[in-house]
Amino acid sequence: MSGDTSTALREPVPAPPRPRPTGRPRPAAVRITLGVLAAAAYLAVVIAGWSVYVRVADVPVYLLPPPGEVWDAARDLIGNGQLWPNLGFTARNIALGFVGGTLIGTLLGWLLWSSRWARELLAPYIVLLQAAPKIAVAPLLVLWFGLSQTSQLVLILLLAFFPMMTAMLLGLRDVPADVATLGRLLHLSRWQYLRTIQLPAAVPALLAGAKVAVIDSMTGAFLAEYLSAQKGLGYLMVLGNTSNDTPLLIAAVVITVLVGLAGFGLVSLAERRLLRWNR
Amino acid sequence: MQDHQGSRNGGGSRPSPAAVGVDGGSARTNTLVSARGVSKTYTAANRQPVLALSDVDLDVAQGEIVALIGPSGCGKSTLLRMIAGLDNDYDGELSWTRAPRPGKDIGFVFQEPALLPWRTVERNVSMGLEAQRDRSAEGKARVRNLLELVGLTEFARSFPKELSGGMRQRAAIARALAYDPQILLMDEPFGALDAITRDRLHDDLLRIWEQTHKTIVLVTHSVEEATYLADRVAVMSARPGRIKAVHQVPLDRDRTPEARRLPQFAEFSGMLRQELQ
Ligand SMILES: Nc1ncnc2c1ncn2[C@@H]1O[C@H](COP(=O)(O)OP(=O)(O)O)[C@@H](O)[C@H]1O
Ligand SMILES: [Mg+2]
Numbered sequence: 000m001s002g003d004t005s006t007a008l009r010e011p012v013p014a015p016p017r018p019r020p021t022g023r024p025r026p027a028a029v030r031i032t033l034g035v036l037a038a039a040a041y042l043a044v045v046i047a048g049w050s051v052y053v054r055v056a057d058v059p060v061y062l063l064p065p066p067g068e069v070w071d072a073a074r075d076l077i078g079n080g081q082l083w084p085n086l087g088f089t090a091r092n093i094a095l096g097f098v099g100g101t102l103i104g105t106l107l108g109w110l111l112w113s114s115r116w117a118r119e120l121l122a123p124y125i126v127l128l129q130a131a132p133k134i135a136v137a138p139l140l141v142l143w144f145g146l147s148q149t150s151q152l153v154l155i156l157l158l159a160f161f162p163m164m165t166a167m168l169l170g171l172r173d174v175p176a177d178v179a180t181l182g183r184l185l186h187l188s189r190w191q192y193l194r195t196i197q198l199p200a201a202v203p204a205l206l207a208g209a210k211v212a213v214i215d216s217m218t219g220a221f222l223a224e225y226l227s228a229q230k231g232l233g234y235l236m237v238l239g240n241t242s243n244d245t246p247l248l249i250a251a252v253v254i255t256v257l258v259g260l261a262g263f264g265l266v267s268l269a270e271r272r273l274l275r276w277n278r
Numbered sequence: 000m001q002d003h004q005g006s007r008n009g010g011g012s013r014p015s016p017a018a019v020g021v022d023g024g025s026a027r028t029n030t031l032v033s034a035r036g037v038s039k040t041y042t043a044a045n046r047q048p049v050l051a052l053s054d055v056d057l058d059v060a061q062g063e064i065v066a067l068i069g070p071s072g073c074g075k076s077t078l079l080r081m082i083a084g085l086d087n088d089y090d091g092e093l094s095w096t097r098a099p100r101p102g103k104d105i106g107f108v109f110q111e112p113a114l115l116p117w118r119t120v121e122r123n124v125s126m127g128l129e130a131q132r133d134r135s136a137e138g139k140a141r142v143r144n145l146l147e148l149v150g151l152t153e154f155a156r157s158f159p160k161e162l163s164g165g166m167r168q169r170a171a172i173a174r175a176l177a178y179d180p181q182i183l184l185m186d187e188p189f190g191a192l193d194a195i196t197r198d199r200l201h202d203d204l205l206r207i208w209e210q211t212h213k214t215i216v217l218v219t220h221s222v223e224e225a226t227y228l229a230d231r232v233a234v235m236s237a238r239p240g241r242i243k244a245v246h247q248v249p250l251d252r253d254r255t256p257e258a259r260r261l262p263q264f265a266e267f268s269g270m271l272r273q274e275l276q
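For the record, the sequence lines run as chains A and B.
If you're matching positions, the first sequence starts at 0 in numbering that gives the first Met the number 0 and goes up one per residue.
If you're matching positions, the second sequence starts at 0 in numbering that gives the first Met the number 0 and goes up one per residue.
This is chain A alone, in the form it adopts within the complex (with noise of 0.2 Å):
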């Protein structure tokens, strides 16, 4: 993790070939050409179902209307400049949200792992908390916290942190027991043990939680969005919803999904970096 990276940098370049693993290596950019045109023929087939069923079906615009119209749609929100203060806010609150709930989902997971105090004390609450349903919760954060930025971030860390949390404990089990066995002899302090192997060894549980935590800080911005904002990109749907303009509607939606798979994108592209030993 960081020290790897600072030591990686303070080390002079290497002088013995690096012996690399056998197989078949598929260059970098191929890989991404194909995977970029494998996701733009299944885009195309998609789009053109959808051209197809609606002018053979005859369905209405309201319902749902053509591709053209919602690209058009989307077009317009860039034209008249909506799209990118909307989109730029819900961004940043996604973008905080998840980083915020990362932090201190991660540092409740060692806590929880490390103290049995804070287990007994806090765990029953968590997972009530966790039980109870968020869209029950977003009201009340609303009633509390006003229609503010507070309250839509306080839902979002609620949402996050508790992936991550699960994903600290996980990870943490990990340490196998003769290398807990060796912090021991070395006699690592409790703040090198963490930063040296319980968070590394972690790592890999984190990047599988941190998928579910983007993905749910996307939840919980919209939620609080349409709950609550006047802003954002779940303002834009609300918007299209109540003007019965479908196409501002679903061009909302398909750009929310966009903001999805970058932020999944994100996340993976950490794992390629992280986790490059494990390839």
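Keep in mind the hints are simulated off the structure, nothing from the lab.
Glycine included, C-beta positions come from ideal geometry on N, C-alpha and C.
It cannot be assumed that every hint is accurate.
Said to hold, decoys possible - Over 12 Å on every C-beta distance to chain A, these chain B residues come out as not near it, computed from the model:
#, residue
1, GLY36
2, SER157
3, LEU200
4, LEU275
What the hints assert, rightly or not - Here are the in silico distance ranges between beta carbons for each label pair:
#, chain 1, residue 1, chain 2, residue 2, range
5, B, ARG143, A, SER113, 30 to 40 Å
6, B, SER163, A, LEU102, 38 to 48 Å
7, B, GLY91, A, ARG272, 28 to 38 Å
8, A, ALA130, B, ARG35, 56 to 66 Å
With chain A fixed as given, assemble chain B with the ligands onto it according to the hints.
Leaving out everything else, chain B with the ligands in the frame of chain A:
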């Protein structure tokens, strides 16, 4: 048990002239660690007490290789963990000539390599130095030297996943020695390896000993391994774990694979095998 000093040359082994010099008084004078009347009782899951070690006496001299051999469950790991300071809950006494400094004086090798998979070989080996914030040139040189000694220089920047089982265990041995501990404790370190790899690692270990003259306590269940590597072999019996006898290995310290074919090798390991039954 009490007469283990008398039995150190027992069992019909004939110490070679070279081995005699290491034996007896000279080995006793520079004792590094000695166990006196050490007993250990575990509480099993069903709350029944289990006597794992009973009244164990053992001396380990500076610079010697002692093998602990015995049937599975006789308390070899338990004794080793006590020496390592991992278990302080026992009866009896464990005394050191120079008390081990925490985190600096115990090198430990497990049956599995237990490397950190996200660290390169080099950074695994220098774990102990890093823990002590030792950035000295000697430390770095020692890491380089050890990697060279176990034939991993080319793989210094590889990840454990890219190594074979034998190479990983070599890295684990280098890691245990990188901070220059007083004593190297090994718990069945070659048990998980195939026969050919195991023989190679035996010679690696002997080579390391030549260079470092480390005190080594080696747990094994192979009589050949004990014979080939050790100066003295402590034979343990199970339930409760005791030291049955301590034998001097009748071979020169300077051992090569040819030693395995010597008649006294077969005779001594045969005697050990018989004693284990
Ligand atoms: N943590 C433990 N709790 C209870 N019993 C244990 C524990 N560790 C070891 N034992 C018991 O102590 C005895 C000695 O164990 P061990 O030292 O691991 O033997 P060895 O390494 O010689 O195979 C065994 O009978 C084992 O069941
Ligand atoms: Mg054992």
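> Which hints from the list above does the structure break, by number from lowest to highest?
Replying inline: 2 and 7
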